[in-house]
Amino acid sequence: MALSPLNARRWALFKANRRGWWSLWIFLVLFVLSLGAELIANDKPIVARFDGQWYFPVFERYPETTFGGEFPLQTNYKSPYIQELFEKNDGWMLWPPIRFEHSSINYNLQVPAPAPPSLENWLGTDDQGRDVLARIIYGFRISVLFALTLTILSSIIGVIAGALQGFYGGWVDLIGQRLLEVWSGLPVLYLLIILASFVQPNFWWLLGIMLLFSWMSLVDVVRAEFLRGRNLEYVRAARALGMKNGAIMFKHILPNAMVSTMTFMPFILTGAIGTLTALDFLGFGLPPGAPSLGELVAQGKANLQAPWLGISAFVVLALMLSLLVFIGEAARDAFDPRK
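For reference, each letter of the sequence shown is one residue, going 34 to 372 in my numbering.
By construction, these hints were calculated from the structure, which means they are not laboratory data.
Note that CB positions come from ideal geometry on N, CA and C, so glycine has one too.
Fair warning: there could be bad hints in the mix.
[What the hints assert, rightly or not] So the derived label-pair ranges between C-beta atoms look like this: (1) Leu142 with Asn235: 29 to 39 Å; (2) Trp44 with Gly241: 16 to 26 Å; (3) Glu266 with Glu71: 48 to 58 Å.
Can you build the whole structure from these sequences, using the hints too?
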């Protein structure tokens, strides 16, 4: 599908920003790799061959009795007993590069946890003996998926609210602006902490709570575009031809408003990641045990004698947020009407 001349020009301007262009590719590569976290960091083999049969432990759970064990429990593939059964039946296992999941505990540490980096734990372990690199990979995926979902949903709500206010104006705009001023004046972080203390937080609950406040950032931008666009000649012509208001809003004016929306979305994404990290750091975020970058920051603060925890969390967060900011700057330049 060929791009229009305007979009082709925007794409060329985006590519001309080399920092933003390379940041986009680096971020996409890291995100795609994190989507396959189970194939990179896992305490179960990817593929296993036993007694002439193929098994895929990463995708399916097999009881110990499947491989000649005595108990119908989930198989511990690192157990010397299970490995001996595989050797007796000419079996083999293909392991991922990191033989730990985000919740796996290394019971063979030679020093008390948190253990420093080693050949077995590349970035060391946290204070519970869990592999830091595995938790970073899984935590990166959760953070990006959470932020992407929140950004998309909040953008939809913000665009609809701004479009209604800007297009209809009058009392709709007046009441909407007063409600927006009151709602935006609430202390968001404190309310998130209070609400999260009433229930057991999880991914979807946190998403719903943060969605209550994150949609406001786009309302003013979209509202201004609709206030300007509703009086243009092509909008008056469409109204004179009998086109319904909904069609005028979302078919004619919205494409122009999407320019500012697309410019702001990477910055909304960074804000969502920062808020989730802050909540996890304070203990009001994801459930205990969930892979979280904020929880890793908290562990680094609580274990100053283990600098690899704080350094790992800082490097990952700095890299992730820097890449998103660079992408946002390139998008801003690409959609800048002056260019």
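Status of the hints after comparison with the structure:
1. Leu142 with Asn235: 29 to 39 Å: Roughly 30 Å apart at Cβ, these two residues keep to the hinted range, so it holds.
2. Trp44 with Gly241: 16 to 26 Å: violated, 35 Å
3. Glu266 with Glu71: 48 to 58 Å: Because 56 Å falls inside the window, the suggested range holds.
Checked against the numbered hints given earlier, the structure breaks only hint 2 and satisfies all the rest.
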